[in-house]
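Visitor: Same order as they appear, the protein sequences are chains A and B.
If you're matching positions, the first sequence starts at 1 in the numbering used here and goes up one per residue.
If you're matching positions, the second sequence starts at 1 in the numbering used here and goes up one per residue.
These are calculated hints, taken from the structure and not from any lab test.
For glycine and all other residues, C-beta sits at the position ideal for the given N, C-alpha and C.
Wrong hints could be hidden among the right ones.
[Unchecked claim] Heads up, simulated SDA-like pairs for lysine to any residue below, C-alpha to C-alpha not over 20 Å straight-line:
| no. | chain 1 | residue 1 | chain 2 | residue 2 |
| --- | --- | --- | --- | --- |
| 1 | A | K186 | A | R278 |
| 2 | A | K32 | B | D83 |
| 3 | A | K32 | A | A255 |
| 4 | B | K81 | A | K186 |
| 5 | A | K80 | B | R274 |
[Stated by the list, open to error] If the Cβ cut is set under 10 Å, some of the chain A residues that face chain B in the computed set are:
| no. | residue |
| --- | --- |
| 6 | K80 |
| 7 | V82 |
| 8 | L105 |
| 9 | R169 |
| 10 | C247 |
| 11 | L250 |
| 12 | V267 |
| 13 | F268 |
| 14 | V277 |
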Amino acid sequence: MIALQVLVSGLGLSGYYALVALGFSLIFATVKVFHVAHGTVFLAGGYLFFFLHRGLGVNLLVAALAGVAVAAALGLLIDKLVYLPVLRRGGGLFSVFIASLGVSLVFEAGYNLLSRNVLQVARTEPLTILTFGAVAIRVLDLFMAGLVAVVFGLAYLWLFRSTAGLEIRALTDNPALAGVVGVNVKRVRNTVFLVASALAGLAGVITAYDTGIVPDTGLRVLFIAVVAVILGGVQNLMLGTLVGSLCLGLLTAFAGLLFPPWVSVAVFLALILLIVVRPKGLFAT
Amino acid sequence: MEYVFFLATVICVWIILSVAANLVVGYTGLMSIGHAAYLAIGAYTAASLNIFLGVNFLIALPIAAVVTAVFAMLTVVPLLKLDTFYFALATMGLNVVVADTIHNAGPRVPGTEGLFGVTLPDLLASSEARLGLALVLAAVCVAAAQWIVTSPYGRSLRALRDREDALRSLGKNPRYFQISIWGVSGFLAGIAGAMYATTLFYIDPTVFALTVSFVLLVYIGVGGLASILGSILGPTLLLAFNEGLRFVGLPSDVAGQTQQFLYGLLLIGLMIFRRQGLVGTYDFKE
Numbered sequence: 001m002i003a004l005q006v007l008v009s010g011l012g013l014s015g016y017y018a019l020v021a022l023g024f025s026l027i028f029a030t031v032k033v034f035h036v037a038h039g040t041v042f043l044a045g046g047y048l049f050f051f052l053h054r055g056l057g058v059n060l061l062v063a064a065l066a067g068v069a070v071a072a073a074l075g076l077l078i079d080k081l082v083y084l085p086v087l088r089r090g091g092g093l094f095s096v097f098i099a100s101l102g103v104s105l106v107f108e109a110g111y112n113l114l115s116r117n118v119l120q121v122a123r124t125e126p127l128t129i130l131t132f133g134a135v136a137i138r139v140l141d142l143f144m145a146g147l148v149a150v151v152f153g154l155a156y157l158w159l160f161r162s163t164a165g166l167e168i169r170a171l172t173d174n175p176a177l178a179g180v181v182g183v184n185v186k187r188v189r190n191t192v193f194l195v196a197s198a199l200a201g202l203a204g205v206i207t208a209y210d211t212g213i214v215p216d217t218g219l220r221v222l223f224i225a226v227v228a229v230i231l232g233g234v235q236n237l238m239l240g241t242l243v244g245s246l247c248l249g250l251l252t253a254f255a256g257l258l259f260p261p262w263v264s265v266a267v268f269l270a271l272i273l274l275i276v277v278r279p280k281g282l283f284a285t
Numbered sequence: 001m002e003y004v005f006f007l008a009t010v011i012c013v014w015i016i017l018s019v020a021a022n023l024v025v026g027y028t029g030l031m032s033i034g035h036a037a038y039l040a041i042g043a044y045t046a047a048s049l050n051i052f053l054g055v056n057f058l059i060a061l062p063i064a065a066v067v068t069a070v071f072a073m074l075t076v077v078p079l080l081k082l083d084t085f086y087f088a089l090a091t092m093g094l095n096v097v098v099a100d101t102i103h104n105a106g107p108r109v110p111g112t113e114g115l116f117g118v119t120l121p122d123l124l125a126s127s128e129a130r131l132g133l134a135l136v137l138a139a140v141c142v143a144a145a146q147w148i149v150t151s152p153y154g155r156s157l158r159a160l161r162d163r164e165d166a167l168r169s170l171g172k173n174p175r176y177f178q179i180s181i182w183g184v185s186g187f188l189a190g191i192a193g194a195m196y197a198t199t200l201f202y203i204d205p206t207v208f209a210l211t212v213s214f215v216l217l218v219y220i221g222v223g224g225l226a227s228i229l230g231s232i233l234g235p236t237l238l239l240a241f242n243e244g245l246r247f248v249g250l251p252s253d254v255a256g257q258t259q260q261f262l263y264g265l266l267l268i269g270l271m272i273f274r275r276q277g278l279v280g281t282y283d284f285k286e
């Protein structure tokens, strides 16, 4: 059955969205920055991984780790070099959003120059596929599912069972009060950017490995993640993000099957409808 | 020389569009990052009327402007209750939806991805005449916008932007101002779109993609928010600079990325150092 296959693909896609969405919602919930450049960070991990693994023949794992690490550093750098200066000079969160757009443009130009808009796929061998009747599941998808489970599990433990997580949740709730109570807001901010960007980089690496990346992919994946985050409820970091990502994965998979040229329209219509009708998402706290 | 006329005409089109955008972004505080959608409606309406129905361009233009104005007013109404962020996101979404819908289901000359063959009345067949028309339209639009912003209506717009509750306390309805100025902006964008369609000879949805809205943002951001002069300066300086890049000898594909790169830097620089732009008066603390 095609539908079942599409369902499986959709679930596979949601894994990527979930990683990006988790990072984005972490940043958005704690420091309230609409980090459009998250897509840029995603691509940075992917392109570096591609360059190292496919270009220089570096070992897969090493290249992947390098991609994740560089992405994490880039995310932090963007905050320090762009967002904080905007805020320090009297800009508000909307100005930060525009600056984030600027960062996206700058890097997209760079990626365009580097890749000449050719799809870069880092994989050098075909993927193993397991078949269950009429449904084919790729081993990579199973790996993604496992990875997402591990990541979300660790995130849950970190956010809800550790002091650091408590500090982060305090920031999502009331930043001023958190500072008063003694939370090192600067350090938490750095940690959030590092972790979120690492997650985006990881998603970028795997996407580069799986279906490849073009400079467009960053913004596209980002906006799908944004819809997922809003759908799940901006304040709900874990369950909301997961459910939102699942919904978006299924939406894009089925839209891709039924009406491919309209997938973007579907996603953005969903965004507009969500914002207008229920901005708090499904799991409003 | 032909080329200079073409460039000047394009600059006029962008001046009209920048004025349209600045009216809502700079003067009223409605952060629209999807104005290219309205440019598209104007362009496609005028071009379709002219190409498929043989309507004289000078009649198609005002029709396109009205259609765009109505479309703009209709699409903004559900968004007005949103705060800045979500409003901006929704306008971006609208841009993508309009461009993609035109791409998938919009009118096109068979065999191509877009529209071409807009015919002008014989009087306007030359590029000098087109430039003349563009200049006249730009002058009229600029004058109209200047009249609007210096009038009591314009004062209410700025009040709406800065202290909406103060405006309400005077008994004025913000919705009335928001919807009406959005309609004016749509009207101007429609004019710009129609002119754009004839200037470019060939239009397709990529001409109205989301990135075009970002470029528009750079133009009004650099020129200055809440400044009609800024809406003239911004596009003129940046478009001229763009063309200047050509003469530096960059190969054409690199030129595009260089422009994108510079615009990105400009946005960042503007946001950090000078949110009001060159001659703008609105330093948004948002």
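Visitor: Check each numbered hint against the structure and report the violated ones by number, ascending.
Guide: 1, 3, 4, 6, 9, 10, 11
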